[in-house]
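Guided by the hints, dock chain L onto chain A, whose structure is given.
For the protein sequence lines, the chains are A and L, in the order given.
Using our numbering, you'd call the opening residue of the first sequence number 1 and step up by one each time.
Using our numbering, you'd call the opening residue of the second sequence number 1 and step up by one each time.
These are calculated hints, taken from the structure and not from any lab test.
Small disclaimer: the values here were computed from a predicted structure and weren't measured.
Be a bit skeptical, because a hint or two may be false.
[Said to hold, decoys possible] Straight line, CA to CA, 27 Å or less: simulated DSSO-like cross-link-like pairs of lysine-lysine:
no.	chain 1	residue 1	chain 2	residue 2
1	L	K118	A	K99
2	A	K118	L	K118
3	L	K134	L	K58
4	L	K118	L	K58
5	A	K118	A	K134
6	A	K134	A	K58
7	A	K134	L	K99
8	A	K118	L	K99
9	L	K118	L	K99
10	A	K118	A	K58
11	A	K99	L	K134
[Unchecked claim] Simulated restraints, written as ranges between beta carbons of each label pair:
no.	chain 1	residue 1	chain 2	residue 2	range
12	A	G45	L	T74	46 to 54 Å
13	L	A13	A	L81	55 to 63 Å
14	A	S138	L	D102	29 to 37 Å
15	L	R16	A	G34	30 to 38 Å
16	A	G56	L	D33	39 to 47 Å
17	L	N80	A	L81	46 to 54 Å
Ideal placement from N, C-alpha and C gives every residue a C-beta, glycine not left out.
2 protein chains.
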Amino acid sequence: MPAALTPRRRNAAATRDAILISARRAFARSGYDGAGVREIAAGAGVTAMLVNRYFGSKERLFAEVIASTMATPTILTPENLALPNLGQTIARTLVEITKADDTPLEGFLIMLHSASSKRASEIGRGQIEAGHQKTMASALAGNLAPQRAALILSLVAGFQVMRQMMGLSALADADPEDLVVLLTPLFNALIAGESSAG
Amino acid sequence: MPAALTPRRRNAAATRDAILISARRAFARSGYDGAGVREIAAGAGVTAMLVNRYFGSKERLFAEVIASTMATPTILTPENLALPNLGQTIARTLVEITKADDTPLEGFLIMLHSASSKRASEIGRGQIEAGHQKTMASALAGNLAPQRAALILSLVAGFQVMRQMMGLSALADADPEDLVVLLTPLFNALIAGESSAG
Chain A
1 MPAALTPRRR
11 NAAATRDAIL
21 ISARRAFARS
31 GYDGAGVREI
41 AAGAGVTAML
51 VNRYFGSKER
61 LFAEVIASTM
71 ATPTILTPEN
81 LALPNLGQTI
91 ARTLVEITKA
101 DDTPLEGFLI
111 MLHSASSKRA
121 SEIGRGQIEA
131 GHQKTMASAL
141 AGNLAPQRAA
151 LILSLVAGFQ
161 VMRQMMGLSA
171 LADADPEDLV
181 VLLTPLFNAL
191 IAGESSAG
Chain L
1 MPAALTPRRR
11 NAAATRDAIL
21 ISARRAFARS
31 GYDGAGVREI
41 AAGAGVTAML
51 VNRYFGSKER
61 LFAEVIASTM
71 ATPTILTPEN
81 LALPNLGQTI
91 ARTLVEITKA
101 DDTPLEGFLI
111 MLHSASSKRA
121 SEIGRGQIEA
131 GHQKTMASAL
141 AGNLAPQRAA
151 LILSLVAGFQ
161 VMRQMMGLSA
171 LADADPEDLV
181 VLLTPLFNAL
191 IAGESSAG
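Here chain A stands alone, though its shape is the one from the complex:
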């Protein structure tokens, strides 16, 4: 029987997952500085000591939470990246996931609520650069691919802030199809790159 399947290992994995889920919620709600290890532990039904035994520190736990939210992307999925009309696909998915009654994505909330903490920004930056930024840049040909990828992420983030978190009525109440039509050429310009950067 492989080690990964022994009951003890299974319990350890379940505890680890419970801590990660509790941490994800706490960081999304209160940001890096606002969320305490004790609160995260209580949410997972374990002691703060156990959280530290599993993750070493709040910083490491935060890094793992960010990595886990990026492991299940909603926009930059392998399927989406393989579609021929990538710009429209990104636009359509973005408009879809920012509907007025939807809950903002936890990964996004965590980033936003933690952006004012210097240490959390550093960790978040590292994770985004190794995750979404790298995924997106790899899908782009031509000059300034990292810059164009980062601008795609900027547009996605700004749209989430303005449509979903601030709820600007020009975006929240718009015909979704109009938004897709307006966003698609922006993403296409960044994906194509040539004319923009040339």
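Frame of chain A; chain L shown alone:
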């Protein structure tokens, strides 16, 4: 002597300004929920009771702070809006104000740190719609002007988050001129509108 110039009126105006400045700092640092009237009062050297006498409530104070940050815009100035190449002007100003060593704009920080509070979002939304959103939409001809204006604000906000707050190196360490070249056609597309929305 007009009433506005009597010493009593002058003192009242100075006190009001001191409270607004202290509130702006507190909201930028801690967001709407995090900043207390007592802390804001202490920062202005007055009592919490006086803050309430001048502004009525934390909500009204918050609305006035947001309005005051928008009264002195950095991008949507009348001068910028009158320039022939508006897209490039917005791009250039945005890249300029998000330099790595610059402090993020307080108005932006306030919005970001308060976005998770339902009440603060409502107030912020109202102020943005009456301020930047209206200013930008008025400068646009053609269909879907409010949507295009809101997308311009989205791109500006997202770029500030990714370049200045998260500090993605693809943006923070980029040649500023490359960023202007990449951003300009995006703003131009939203300003022109015709081909995008047609």
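Item to check | Non-conforming hints, listed in increasing numerical order | outcome: Violated: hints 9, 16 and 17.
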